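Two independent chains are provided; combine them into the complex using the hints.
Taken in order, these protein sequences are the chains called A and B. This note's numbering numbers the first residue of the first sequence as 10 and each following residue consecutively. This note's numbering numbers the first residue of the second sequence as 7 and each following residue consecutively.
Since the hints were made in silico from the structure, they are not lab data. Heads up, a few of these hints could be off.
Residues on chain A that point at chain B, a partial pick, calculated with CB under 7 Å [unchecked claim]:
id	residue
1	Leu22
2	Ser26
3	Leu45
4	Gln72
5	Val79
6	Leu87
Computed list of chain A residues with no C-beta within reach of chain B, every gap over 10 Å [as the list claims (entries may be wrong)]:
id	residue
7	Cys38
8	Ala69
9	Asp74
Partial list, derived from the structure: chain B residues whose beta carbon lies under 8 Å from chain A [what the hints assert, rightly or not]:
id	residue
10	Gln57
11	Phe64
12	Arg190
Quantities reported herein were computed from a predicted structural model and do not represent experimental measurements. Idealized CB from N, CA, C, for every residue including glycine.
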Amino acid sequence: MTEHEHTKCQSLLVYLSEYVDGDLSRDLCDEIENHLAECRDCHVVMVTLRKTISLYHAAAAGQADVPGIVRERLFHTLDLDTYLRD
Amino acid sequence: MYKDKPEISLEALLAGNQAEFSRMVNTFSGSIYRMAVYMLADTADAEDVLQNTFLKAFQHLKEFEGRSHLSTWLYRIAANEALMMIRKRRPEVSRVDLQNQDQDDHDYTPVQLTDWCCLPEQELLSTESRAVLDQAVQRLPEILRIVFILRDLQGLSIQQTSQVLNLTGSAVKTRLLRARLRLREDLSGYFGQQVTGKAEKGMKHD
Chain A
10 MTEHEHTKCQ
20 SLLVYLSEYV
30 DGDLSRDLCD
40 EIENHLAECR
50 DCHVVMVTLR
60 KTISLYHAAA
70 AGQADVPGIV
80 RERLFHTLDL
90 DTYLRD
Chain B
7 MYKDKPEISL
17 EALLAGNQAE
27 FSRMVNTFSG
37 SIYRMAVYML
47 ADTADAEDVL
57 QNTFLKAFQH
67 LKEFEGRSHL
77 STWLYRIAAN
87 EALMMIRKRR
97 PEVSRVDLQN
107 QDQDDHDYTP
117 VQLTDWCCLP
127 EQELLSTESR
137 AVLDQAVQRL
147 PEILRIVFIL
157 RDLQGLSIQQ
167 TSQVLNLTGS
177 AVKTRLLRAR
187 LRLREDLSGY
197 FGQQVTGKAE
207 KGMKHD
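Pulled out of the complex, with its shape left as it was, chain B reads as follows (with noise of 0.2 Å):
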């Protein structure tokens, strides 16, 4: 998911060598056109982010200096470009701040307490599920958001997660976790009232 393979080559893509974009453009569009969706749920900004993170790509290559992976680069131009949507859409939020709000305790305290493992596969995964834990991403705060995404849909590290968000190894746990903790809060409560209705219905037949 997160490989810069095959190799593109930083020195044709300053020659401005058209085809060695392509295949850059190629090789990422996949990556952040899905990390897009999920962060803006709405397909027609998502393919606004994809095109405006490869025109300021293009624009801003000479800036590019090869210190970090090449798709650490373009994550980080799409995480802003996305980040920026959402500002579009709620003017009345004036800034997403990324560096700050990591204080909110409340999230650690876990209230569901059914465990609905047992469930089998095919009703987790199902349609219906599946719009429920999609549904679940979108309630996220935008700074937990965006560090889920990277790092659980689209299998970044935590440490590629930190150097695109420009943040601490220990910022990005900490966000993880709350996110993680939230979104087990969500699909518990979905799930939990399955196992609680199947047991309800299994009393009822004996």
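Only chain A is shown next, with the shape it has when bound in the complex (with noise of 0.2 Å):
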């Protein structure tokens, strides 16, 4: 991190993924917000953190259904046989 106020960037880094969830009050916002504004540093980590959470979302996003193959076996480890149809 660069020199400048170098506690603020670790205070701040704890409301980081709360800020990117969007669940802070507007004031800390705003004193975040202030914040990466002049501090290259903190900008990037809160970026590329926003990032890395959208690239999981997407990747979840997409991820398939039971496989046809284990969803019989667990119906016939269940004894509902008869339901695996439904």
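Below, the structure is given as structure tokens:
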């Protein structure tokens, strides 16, 4: 991190996850945004954190359902074969 | 992702209605299977977790008092099954302690400071990149991994995640932050190299 107000970077970092989720009060958001505007390193951490989360959301959205054979074995184990085609 | 819809009738389940139990399995098996695959990175182990979750749900249905959502209760059984599976794999770890271990401040210090958001989406979500994403999740300690999976990959709220894991909301938030920062470091290491590589290539062409 850069030399300026190093302690501020650390103290605001703990709020970054909630900031990215939009779960913080307006006051705290303003404080973070003022800091991000003047601190390039924290800005990079914030945008790459946001991108990291959005990539995982995108990857999770494309996850396949339970494979047919796995579902068949599950219904068999649970003695629910009769309902397999429902 | 996390909806008890169509509403499952607890009354019918308790009365031993098999069609209703089968509807419950159909409604929640996808989420539980995906959670287990993410947690264990092994489809055979994930299938065991899936089966054990519904077997235990069937056995203990009478103990479910309806104080939480059915999905929360099923996720709780599944999360415990997955953590037990991890313990079985590594018997030297006597137990995965979910209630403790919130004191690692080193996780909070970002090291990778390259902005890689400029990379095109098809590179960020290529097959190779997706493998990097999955590997990064596997490198998370179990107590962070389960929180990240429930919240960010399964779409549960902070409150729902805390109910599943029997943790306070603030413990969930702390672990989520630590998990996300670790993943950001890992991904920045990988994607940052691609940005640097492109910049070097560009300079050679100039």
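- Message: Does the closest beta carbon of chain B sit nearer than 7 Å to the beta carbon of A/Val79?
- Response: Given a least distance of 5 Å, the restraint on A/Val79 holds.
- Measuring from the C-beta of B/Phe64 to each C-beta in chain A, is the shortest one below 8 Å? It holds, given that the least Cβ distance between B/Phe64 and chain A is near 7 Å, below 8 Å.
- Hint validity - B/Gln57 Cβ closer than 8 Å to any chain A Cβ: 5 Å, holds
- Nearest-CB test (10 Å) between chain B and A/Cys38: Given that every Cβ of chain B is farther than 10 Å from that of A/Cys38, nearest at about 16 Å, it holds.
- Message: Under 7 Å is the threshold here; is the Cβ of A/Leu22 close enough to any Cβ of chain B for the hint to stand?
- Response: 6 Å, holds
- Item | Satisfaction of the A/Ser26 interface hint, Cβ to chain B closer than 7 Å | 4 Å, holds
- Does the CB of B/Arg190 sit less than 8 Å away from some CB of chain A? 5 Å, holds
- Query: So is A/Asp74 really clear of chain B, every C-beta pair being over 10 Å apart?
  - Reply: 5 Å, violated
- Can the hint on A/Leu45 be confirmed by a CB-to-CB distance to chain B that is less than 7 Å? 13 Å, violated
- Task: Using Cβ atoms only, decide whether A/Gln72 comes closer than 7 Å to chain B, and label the hint accordingly.
- Result: 5 Å, holds
- Query: Would the hint on A/Leu87 stand, with a C-beta cut-off of 7 Å toward chain B?
  - Reply: Given a least distance of 6 Å, the restraint on A/Leu87 holds.
- Message: Using Cβ atoms and 10 Å as the threshold, tell me whether A/Ala69 really stays out of contact range of chain B.
- Response: Incorrect as stated: the minimum Cβ-Cβ distance to chain B is 4 Å, not above 10 Å.
Hints 3, 8, 9 from the list above are not met by this structure, while the remaining hints are.
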